[in-house]
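Trainee: From first to last, the protein sequence lines are chains A and B.
Each residue of the first sequence is one higher than the one before, counting from 1 in our numbering.
Each residue of the second sequence is one higher than the one before, counting from 1001 in our numbering.
Mixed in with the good hints, there may be bad ones.
Okay, derived cross-link-like pairs now, DMTMM-like style, lysine to aspartate or glutamate, Cα gap no bigger than 20 Å in a straight line [to be verified]:
(1) A:Lys301 to A:Glu46
(2) A:Lys228 to A:Glu371
(3) A:Lys221 to A:Asp109
(4) A:Lys228 to A:Asp367
(5) B:Lys1183 to A:Glu37
(6) A:Lys301 to A:Glu108
(7) A:Lys195 to A:Asp109
(8) A:Lys301 to A:Asp109
(9) A:Lys228 to B:Glu1161
(10) A:Lys228 to B:Asp1173
(11) B:Lys1183 to A:Asp57
(12) A:Lys221 to B:Glu1161
(13) A:Lys228 to B:Glu1093
(14) A:Lys221 to A:Glu202
(15) A:Lys301 to A:Asp289
(16) A:Lys221 to A:Asp153
(17) A:Lys262 to A:Glu233
(18) A:Lys195 to A:Asp367
Covered stretches of chain A, going by a simulated chain B footprint (3 or more residues, C-beta under 8 Å) [to be verified]:
(19) 68 to 75
(20) 119 to 130
In case anyone wonders, no lab produced these hints; they're calculated from the structure.
Every residue gets a Cβ at the ideal spot worked out from N, C-alpha and C, and that includes glycine.
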Amino acid sequence: MVAGCLVLLAAAVVLGARAVGREPTVTLLANWTGRDETNLRRAVIEPFERAYHVHVDYQGSSAESQVLGADVEAGTPPDVVVLTGPGELADYAGQKQLQPLDGLIPREDFGTSWATPLADGHVYWFPLKADLKSIVWYPAGTGEGQRRAARDDPAQWCVGMGSGATSGWPGTDWIEDILLQQQGPRVYQSWTSGKLSWRSPEVRQAWTTWGRLMGAGTSEKLLRRTLKTGYAEASAPVTATPRGCTLEHQASFIRTQSTAWKQADGRYDPSAALIPGATAKDSWEVSGDLVALLHATPQAKRLIRYLSSPAAQRAWADAESAFSVDTRARPAATGPTWHRTLATTLLSPAATHCFDASDAMPPTVRDAFAEAVIDYLAHPARLTSLLTTLDTLRSAPGQTWLPAVCDQVP
Amino acid sequence: MSAATDPVHDGGTPATAGAGGGRRVPPERAAGSTTAHDLAVRHRLLLALAALLTLSLFLSYEGVHGDADPLRTSSAPAVLSLDTALYALGQAEADAGAATPTSDFQKQISVAAQSVAAAAGDDAGGPSAQQALQTVAALITVYAVKVQQAQQQPTGSVLREAYLSYATSILADPGSGILPRLKVLQAQRRAAVHRQTSFGPLLWCGWAATLLLALALVCALLETQLFLRRRFRRRYNRGLLGAGALLLAGLAVTLLFTVWTHTGMTDTRRLLDRPLSGRELNHAGRATAAYLADTGLRAAAAGWILIGGILVMALTETGLRRHIDEYRFRPR
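Only chain A is shown next, with the shape it has when bound in the complex (with noise of 0.2 Å):
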């Protein structure tokens, strides 16, 4: 009797010492590192932990393309993504790897361009925060004159291709919206959706015009600060003295990322003040990171309600100084006056919004798409080549391509 007790006490104390410490955990993978991830940490994650007891394992890496691939082909993905390409979430749904939202997150609140039903009718996505792109940032004080020419100078343009394993990102965006600018959204979504030939002239004429802008193949010097600096390095030279560079083509999340568009307390223009050729009205590319789901556990599916929720999409869009596009988390009326116009622009029904082409088409040609614009910088002459080898990925079979891109195409 007292043995028995004893063998049962002995296994129950080394039982509980060994379960204790497990809880149950949800497996985050994001490309925010560093500041972000100390953000993201802070304001979305340790508030969900707390709430739900649930712990979350976050990986964060600007590869993260290549680490979810490697992830789903050694059968371990983790339980939710957050993404910046629909066009490889896309991919993935056709895969059957990701898992409908239908009943986790409010749809109508995102509307159709963010939260966007595939061809089964199914949502497998939903945006966390959203940025604008058609913005050219500018230091406080300049005058329009002098960014008309700081435009045709391009020692003047703030710019870094650098980004690790995405290095070439900074120059996609250009393009496409160049391209959206001079050419408009239907030609646009027609170029994103894998219609248009990557050799057609209003692509050709997008490529040349940011070679043109950027001093493509003129000097080396120039080509080694654009070609070597990392992204988030770029606008450095903005509060330098004498000043190093004036305007930049970035993303609104550079404004607060930036310390330097701090201290100069940058101002934007609408990137079709400044882009040559420019014709469209009111159109603005747009990038967002989504959020989908590929292993629907309980935790996970609590994590997917907790980040389609107001609260959560507030609070990192405070954190990063960044925008949903959740109709019920608007941001407060007060504020600096170019966060507010960023915000309305980015929820205005009038404007037109395109996703991010590049984040918006198959992995392999948003990829040869950034290493094809490093190459275009040191070897503008190679054009041709390069866009026949951009148009040979296009028509490659088994691609998912988005049908569309931009809320609305007049």
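With chain A fixed as given, assemble chain B onto it according to the hints.
Mentor: This is chain B only, laid out in the frame that chain A set:
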């Protein structure tokens, strides 16, 4: 309990059969003998001490040996794998800048990837570490691709410099690069090795309590043996002697096993406490295996502590039961 109060102290077993075959109650019981009570007290005390000692010894033994197996099969190999990956990536970075592509770079990348896979396979650190290692494995592939893109460009070209700078940022960017991630994982694994090999205050208390309980049980067995010798005819009680012998032998073996295992664990911690590189890694792998050899076998002996404890209690019970039964029936 004293002999002065008990007239049969030199007589051993009291007479049990009188004229007429009826059970005769020893006169001293009627006169208020304390033998039955003394036997019962000793019986309960010995069993309670044996039970407590078994539990204490089992937990203290588990406290040391329970960590030996995860250290041998998981934590120590994971530290070595991560050291190997870090060393290989350092070598690869040096080779990446070579004027022409070399097979050394591919070899080092392969070693790093295999080491990360081995660390993941060691299942150390739980799901969080597994996910982090998968991320690192994917980043190593991306790093290798960027270096290859750089090596495809002409020597001295801006494009080559640019691709190498992208590769370097993937490898070394603070917080998000491969090397900082591996260093965080390595620090976690080293902390686990420290935790597993430390002989903390709780273990000191556990082993001190175990030794005190063992001493108490040995003394109680001796005292009971002397008590039985005084009160009953037999000079030795085999059950109690067997229990004492088993107790001492078991305690000696468990102490020896614990010293051997803990010494091996301490040596392993000393070896893994600093970053290793090159040939040191080979040596450390062999030395760790040697230090921790047989720890699994010794850890498996924990189950025998429970069995041994039950045997000690059974022998004690056997030794005392006969005498207790003699005093079971009290006068009405």
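Trainee: Go through the numbered hints given earlier and state which of them the structure violates, listing their numbers in rising order.
Mentor: 3, 7, 14, 20
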